[in-house]
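S.K.: If you read the protein sequences in the order shown, they are chains A and B.
Quick note, the first sequence lines up with residues 483 to 1009 if you use this note's numbering.
Quick note, the second sequence lines up with residues 4 to 338 if you use this note's numbering.
Be aware that a few hints might be false.
[What the hints assert, rightly or not] The calculated lysine-lysine pairs, modelled on PhoX-like cross-linking and capped at a C-alpha distance of 25 Å, are: (1) K896(A) x K786(A); (2) K88(B) x K601(A); (3) K876(A) x K969(A); (4) K58(B) x K601(A); (5) K896(A) x K58(B); (6) K601(A) x K639(A); (7) K810(A) x K876(A); (8) K849(A) x K783(A); (9) K639(A) x K695(A); (10) K959(A) x K947(A); (11) K786(A) x K969(A); (12) K969(A) x K849(A); (13) K810(A) x K695(A); (14) K58(B) x K89(B); (15) K695(A) x K88(B); (16) K695(A) x K89(B); (17) K849(A) x K786(A); (18) K243(B) x K601(A).
No wet-lab data here; the hints were simulated from the structure.
Small disclaimer: the values here were computed from a predicted structure and weren't measured.
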Amino acid sequence: MKLNLLAATTAIALSGAVAQANTLVYCSEGSPEGFDPALFTAGTTFDASSHPIYNRLLEFETGTTNVIPGLAESVEASDDGLEYTFKLRQGVKFHSNDEFTPTRDFNADDVIFSFMRQKDENHPYNQVSGGTWEYFQGMGMPDLVSSIEKIDDYTVKFTLSKPEAPFVANMAMDFASIMSAEYGDAMLAAGTPEKLNTAPIGTGPFSFVAYQKDAVIRYAANGDYWKEPAQVENLIFAITPDASVRFQKLKAGECHVMPYPNPADIQAMKDDADINMMEQEGLNVGYLAYNTTMAPFDNPKVRKALNMAIDKQAIIDVVFQGSGQAAKNPIPPTMWSYNDAIVDDPYDPEAAKAMLDAEGVTDLSMKIWAMPVQRPYNPNARRMAELIQADFAKVGVGVEIVSYEWGEYLSRSKELNRDGAVLLGWTGDNGDPDNFLAVLLGCDGVEASNRAQWCHQPFEDLILKAKQSTDQAERTKLYEEAQVVFKEQAPWATIAHSVVFMPMSNKVQGYKVHPLGGHIFYGVSVE
Amino acid sequence: MFGYLLTRIGLFVPTFLGVTLISFMFIRVLPGDPIIVMAGERGMTEERYQEMVEKLGFDKPVLQQYWEYLAGVLQGDLGESFVTKKPVWEEFFSLFPATMELSLCAMIFAIALGLPAGVIAAVNRGKFFDRALMSSALVGYSMPIFWWALLLIIVFSGNLGWTPVSGRIDLLYYFPNVTGFMLIDSLLSGQEGAFASAVRHLILPTIVLGTVPLAVIARQTRSAMLEVLGEDYIRTARAKGLSPTRINGLHALRNALIPVVTVIGLSVGSLLAGAILTETIFSWPGIGKWMVDSIFRRDYPVVQGGLLMIAVIVMLVNLLVDVLYGIINPKIRRR
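Use the sequences and the hints to build the structure in full.
M.R.: See the structure below:
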């Protein structure tokens, strides 16, 4: 069965060859942890490594969560969903640097090398640069992938231990970036294997030139790129941690694009005629998870009543300062299978109080956990908790707000006998609904990432069935049903999805806000 | 003088060992497990967690961990960052020249303006200049660094366009990192305009970081000068008919310098503390921001290694101050 991938790779190729004699400066928010995307998990690192320097077998189409061909021209899944055969693209060149010039094009050996170094503990690169392979581990790949075989130079077969449809989206994730096996061998022979991480060689639209920690990263357009070359000749990341300073640099023309503006600056940016403000809903959700194993939160009607007591619009106005939208589902609206037909619980304190009374819940007092850190899905958890505290007071529920250091918070909030409801959230990894619904609400996540400790068999059956099907239409239907069950059962109060703002100079053309959160400059030009 | 120096260096050893212990314990007494912080919302399985515990050596008794850390330090190995997987030593020395360049410029700025300002204020005690200067010093001392920095950026970079907003040099210039000091490297590069660009980038961060030490030095110089100017030997010098410049500049200032040098020495610690905010705001690639990020990420090797290196630098500067005392005041070295 041939998967329904967009065959037209050229759809994302750029129209016409534009003169490249220009430079794009991006005021990035921080330093990358390194340049080997498989070693790390931060978006800042992926912006600086996997997006400009590397390609993957499959790619996310910029601006969408659609999976399209990358270094693989096609992928076929066996009928039992256990084997995926990738046909590789020919004539793809790796970059070169002072110490390495490739002698051959990309082939199956590079694919085997890129994954086996993460999977095989005896691989010479498995322990290099502290190799913890967090994403490979976190996505369950060691158990999922039984074997990776080279069929011929341009065909690779992955065999899975169980059918898992999200595997295709996983192959487009940053950790699946393809490295050069030849470069790996050369650096191993030279006794400097860590150079894979510090002096990266990839097949991507830009090649790495230089990096000075906390200051600047320089890239040059890859003239041998297998698609249209990049529109700019030089790409520079000017590392600028302070958001107000990034704004000043954008105004002064010292950079062309900046991420993560201060909410307070957004209006001034919109009013500035020289700045083009792009925006899109983020692929995330912020929620309040009840402990559904403890009374009275084991009663869906009580949870539903509490949800009706929360004034989400006030939270959007005060906490997000407009840079968010109220959430009604556990997955964001930009994700396929989002069920827009679902009607959110109305904000109705009187009805909520009546429902609580009907369930015999009076004089309830509870804890609300407020995260100590700022996150896109919750820029100020303390303030959010205070607003919910005031809302709950109106229906006769007393709230004590508690908080812990971030590591403690993550650890304690997982406990089955945790007291109270937890504010937390999630940002999607691969654009697949399974990455939200199974990770955050599946039975396997109880006492782990499922902070509601909610294991509801009808919901579980739907998401398991969806995970095993490779038919996207069927999966969509199953996930839509799962969202209906979620809404009825209300293990969380879904609070908000953030809105991502990308201010940029008017001179910048062709930039697309990427729903998966990355900042991608292939196809972007500067006048 | 040799004996005096030896005593001072002798004190260095227990202080150094104390610092290794404090820096090792400091990060460990903070709540928060670095492995859980690293995994974030994504979390990890219990088996994976145990694997990581073993890999990072947290399963060993704390004393053994400390002993291994100390043994590493004595062999010049500060460990590897949990986050970047690079040696702490390498990261420190790639960032430290930027901090040192900025701190030196800020100190020179503070001394060059603070000393004469303090002397002039003392000589003109109670007059308009004295009052204006001391009020400004108080304002400078009390001003929050981030606010002062943003104000200067908005006025001089945003509105007037006289200085660049942040960074160490215009991104147009690209040359190899030879010494890590941008002023020197830009000169070595031979690229036209590079040095001027580096100087322009230093102006605002130098003013911001130098403001507090400037205020402290000016106030300290003034009060030390006032004390000395009241001494009998100054009256004698005046009676002998020496010129005011000679009395103030030579006889009074030299004796007033001892407490001022102490303050300058102590300011090095506060300069490094001020560098954290200044570096963040001006995107200055130094050790200040590196340390703060590492504390939030519970990156133990970086925090303990960075703290140790900073402490050693502060200790070295204070040793230098002790030596300077000896030169300024011969009475001290004879004690």
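S.K.: Decide if the proposed pair is consistent with the structure: K810(A) and K876(A), CA atoms, cutoff 25 Å inclusive.
M.R.: Status holds; Cα separation ~22 Å.
S.K.: Taken at face value, is the distance from the CA of K601(A) to the CA of K243(B) at most 25 Å?
M.R.: violated (88 Å)
S.K.: Taking only the CA atoms, is the gap from K695(A) to K88(B) under or equal to 25 Å?
M.R.: Holds. K695(A) to K88(B) sits at ~14 Å (cutoff 25 Å).
S.K.: Given the proposed pairing of K849(A) with K783(A), does the C-alpha separation stay at or below 25 Å?
M.R.: The hint holds at about 19 Å.
S.K.: Given the hint that K876(A) pairs with K969(A), does the C-alpha gap stay at or below 25 Å?
M.R.: holds (23 Å)
S.K.: Starting from K896(A), check that the Cα of K58(B) is at most 25 Å away, please.
M.R.: holds (23 Å)
S.K.: Is K601(A) within 25 Å of K639(A), Cα to Cα?
M.R.: Since the Cα atoms of K601(A) and K639(A) sit roughly 15 Å apart, the hinted pair holds (cutoff 25 Å).
S.K.: Check the hint pairing K88(B) with K601(A) against an upper bound of 25 Å on the C-alpha distance.
M.R.: Within the cut-off at roughly 19 Å; holds.
S.K.: Under the criterion that the straight-line Cα-Cα distance not exceed 25 Å, is the pair K695(A), K89(B) satisfied?
M.R.: holds (12 Å)
S.K.: Would the hint linking K58(B) and K601(A) be met if the CA-CA limit is 25 Å?
M.R.: holds (17 Å)
S.K.: Is the straight-line distance between the alpha-carbon of K639(A) and that of K695(A) 25 Å or less?
M.R.: Distance of about 39 Å is beyond 25 Å: violated.
S.K.: Can the restraint linking K849(A) and K786(A) be considered satisfied, given a maximum Cα separation of 25 Å?
M.R.: holds (17 Å)
Checked against the numbered hints given earlier, this structure breaks hints 9, 13 and 18; the rest are met.
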